[in-house]
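Colleague: Given these sequences and hints, build the entire structure.
Chains A and B are the protein sequences, given in the same order. Last residue of the first sequence: number 348 in the numbering used here, and the count goes up by one each step with no gaps. Last residue of the second sequence: number 352 in the numbering used here, and the count goes up by one each step with no gaps.
Worth flagging that the hints you see were computed from the coordinates, not collected in a lab. Please read these numbers as outputs of a predicted model, since none were measured by experiment. Hints are not guaranteed to be accurate.
To be verified - With a Cα cut of at most 25 Å, we get these calculated DMTMM-like pairs of lysine to aspartate or glutamate:
| hint | chain 1 | residue 1 | chain 2 | residue 2 |
| --- | --- | --- | --- | --- |
| 1 | B | Lys-86 | A | Glu-153 |
| 2 | B | Lys-26 | A | Glu-225 |
| 3 | B | Lys-208 | B | Glu-175 |
| 4 | B | Lys-86 | A | Asp-83 |
| 5 | A | Lys-304 | A | Asp-210 |
| 6 | A | Lys-220 | A | Glu-123 |
| 7 | B | Lys-80 | B | Asp-145 |
| 8 | A | Lys-314 | A | Glu-344 |
| 9 | A | Lys-220 | A | Asp-210 |
| 10 | B | Lys-208 | B | Asp-145 |
| 11 | B | Lys-166 | B | Glu-93 |
| 12 | A | Lys-220 | B | Glu-178 |
Residue-level listing of the chains:
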Amino acid sequence: MTASTVREFLGTLLREREPAAAWTWLGGAAAEIERGVDPVRFGGLLSLVSRYSRRGPLAPTAAERARADELLRGWNPERWTLFEAARAWLVLARRDLDRTSAVDALEECYAYADVGELCALYKTIPFLPGAARFTWRIGEGCRSSMRAVYEAAACDSPFAASQFDDLAWRQLVIKALFVEAPLWRVHGLDGRLSEELARMALDLCDERRSAHRPVQHELWLVLGKHGGARALQAIEAELVGTNARGRRAAAIALARAGKLQRLSELAAKEADPAVRATMESALRGELSQLAFRVLDPSEAKPS
Amino acid sequence: MRFFDPHIHMTSRTTDDLDLMSKAGVRAIVEPAFWLGQSRTQLGTFIDYFNSLLGWERFRASQFGIAHYCAIGLNSKEANNEKLAAQVLELIPRFALKEGVVAIGEIGYDEITPAEERAYIAQLRFAVEHDMVVMVHSPHRDKKRGIRRSLDVARDCGLAMNKLVIDHNNEETVEDVLERGAWAAFTIYPSTKMGSERMVELVKKLRSRAHHRRQLGRLGRQRPALRPEDREADARPRRADGARRAHHLEERARRLRAVGPDRRRRADADARDRPVEALLRQLRAARASAARRRAGSELKARRAQASDRLRQDPEASSSGFTDRTAWSTSVAHVMARADAAGPTCWSQP
Numbered sequence: 046m047t048a049s050t051v052r053e054f055l056g057t058l059l060r061e062r063e064p065a066a067a068w069t070w071l072g073g074a075a076a077e078i079e080r081g082v083d084p085v086r087f088g089g090l091l092s093l094v095s096r097y098s099r100r101g102p103l104a105p106t107a108a109e110r111a112r113a114d115e116l117l118r119g120w121n122p123e124r125w126t127l128f129e130a131a132r133a134w135l136v137l138a139r140r141d142l143d144r145t146s147a148v149d150a151l152e153e154c155y156a157y158a159d160v161g162e163l164c165a166l167y168k169t170i171p172f173l174p175g176a177a178r179f180t181w182r183i184g185e186g187c188r189s190s191m192r193a194v195y196e197a198a199a200c201d202s203p204f205a206a207s208q209f210d211d212l213a214w215r216q217l218v219i220k221a222l223f224v225e226a227p228l229w230r231v232h233g234l235d236g237r238l239s240e241e242l243a244r245m246a247l248d249l250c251d252e253r254r255s256a257h258r259p260v261q262h263e264l265w266l267v268l269g270k271h272g273g274a275r276a277l278q279a280i281e282a283e284l285v286g287t288n289a290r291g292r293r294a295a296a297i298a299l300a301r302a303g304k305l306q307r308l309s310e311l312a313a314k315e316a317d318p319a320v321r322a323t324m325e326s327a328l329r330g331e332l333s334q335l336a337f338r339v340l341d342p343s344e345a346k347p348s
Numbered sequence: 004m005r006f007f008d009p010h011i012h013m014t015s016r017t018t019d020d021l022d023l024m025s026k027a028g029v030r031a032i033v034e035p036a037f038w039l040g041q042s043r044t045q046l047g048t049f050i051d052y053f054n055s056l057l058g059w060e061r062f063r064a065s066q067f068g069i070a071h072y073c074a075i076g077l078n079s080k081e082a083n084n085e086k087l088a089a090q091v092l093e094l095i096p097r098f099a100l101k102e103g104v105v106a107i108g109e110i111g112y113d114e115i116t117p118a119e120e121r122a123y124i125a126q127l128r129f130a131v132e133h134d135m136v137v138m139v140h141s142p143h144r145d146k147k148r149g150i151r152r153s154l155d156v157a158r159d160c161g162l163a164m165n166k167l168v169i170d171h172n173n174e175e176t177v178e179d180v181l182e183r184g185a186w187a188a189f190t191i192y193p194s195t196k197m198g199s200e201r202m203v204e205l206v207k208k209l210r211s212r213a214h215h216r217r218q219l220g221r222l223g224r225q226r227p228a229l230r231p232e233d234r235e236a237d238a239r240p241r242r243a244d245g246a247r248r249a250h251h252l253e254e255r256a257r258r259l260r261a262v263g264p265d266r267r268r269r270a271d272a273d274a275r276d277r278p279v280e281a282l283l284r285q286l287r288a289a290r291a292s293a294a295r296r297r298a299g300s301e302l303k304a305r306r307a308q309a310s311d312r313l314r315q316d317p318e319a320s321s322s323g324f325t326d327r328t329a330w331s332t333s334v335a336h337v338m339a340r341a342d343a344a345g346p347t348c349w350s351q352p
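Modeller: What follows is the structure, encoded as structure tokens:
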């Protein structure tokens, strides 16, 4: 993957979706950026996208999503907007992306960005050369309590899993539970589960239960094979609870912990059809983080 | 009923206020940039302030189903710190063209100084260049002259009058604004700006003209949003059975809501809101039954009672955007006040 191949790909998507006038404006703005613009003008052009581009989802086709994943394993533009694609396309028009001047210009953009621009900027970073230069910046996005910003930095991209150190990574994971962001969309989550992360999740589970609050269903996604007897006990406690989404998630967690025998016993006497269906699909091997998609309330209408 | 509040400073309102506004039917708001009760001393605090109008406040409002828009500008008070003002003016282009920015504002005059005028003109030119609406704050001291000058200078800068909103009008200034073809806005803020009752009288006089009236979350002590039902129930000296039941239910709902959702986990809040929602449904039903019993002529009497009440309550205010068609419904709302146990807001002198 290079920045220019991603740019070419985004350009194709945009050309097919933008009205002629918007595409002309974008072309002019990109040409200006290619020639070199000062940081104020650069930020201004990114802002102006909202005045010229069509508003709405990018809505890539299945083939386009597959192409995106080919370009950068783990990149899923399924939930991108046209504004974001246009802004990413403009950022990638810079000729100095591998130099400090681009980092400085981008940092200046972050300082003056509104929510929409922040999301677009965070979503663009994984395509830039020298990813390590932006690890702190993506970390800032993952500290945000604005869910859209958090998602832009953490979800649908391989950046965090491949770049974050253990501390930053664990904080990203637990933060998702706090802002109720979809952890199942953090690419590479399954590959970076650990004993320490399971311990943090189980401590949080205890806190929630002490406070008589429901446990976030995605907490069960964080355990994987870790956490030992304590994890199994927590999962079993969730399974005898009344929260259907939590029970479905705990059922998947039980399978992820390798307790298939126990799960099949439970499935045999499960009364709730939705919970039983989840148990059965887990027994059939639907165990990856993607199995949690059906439990995501914001995925009510998956595209 | 759904409301659009075209001028509110959410920076000085609590999350509980957003909750109440949402329940009252407020669905969209405009937060113009302004002074924060004391003058800033650093450029960075302006940057962070503008950022919060485009970021956090937007997000915060969206959690309550309220679309948050804003106006960006250097206010007249802080325009008098000329060294800092020059730097802030350079910031304006970096923020004013963003999505969600619907105007340049609040700008204009405070003391009508040359420094204020320089900042005003610079921002008017920017607005003309970018085809933007301008929201003008009119001065409280020497208001009449300040408004005339605001209009003159805006015209001289080439701003189309239909792109100009002059705010904080009163009986003495509104004709000047309307004659020029600009929008006249009124701030219902009884202790220092328009009182609700005066507003009603003025609108009766001007009802054939385009204008808008609003309540805003000012820096001062004021209620953020009023439910029409509350005002009606409140304004009646003797409640019909339905209304008494409504009052009782409302008290229970209020007790259940004693802790705001910002201080709780959302799931917890949801569980807690269920009985509240059920109560509110009963409340609405009780109010509707009370309302059915009221004849049209009673409405007139109630308005009069509400006016009486307003006379004794300097805090009464309302929210909304009116024009000729909206007038008949909205005017009732400006005439009464919020429930007595409404939130006390963080306030500044």
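Colleague: Which of the listed hints are broken here?
Modeller: Numbers 5, 8 and 12 - these are the hints that the structure violates, sorted from lowest upward.
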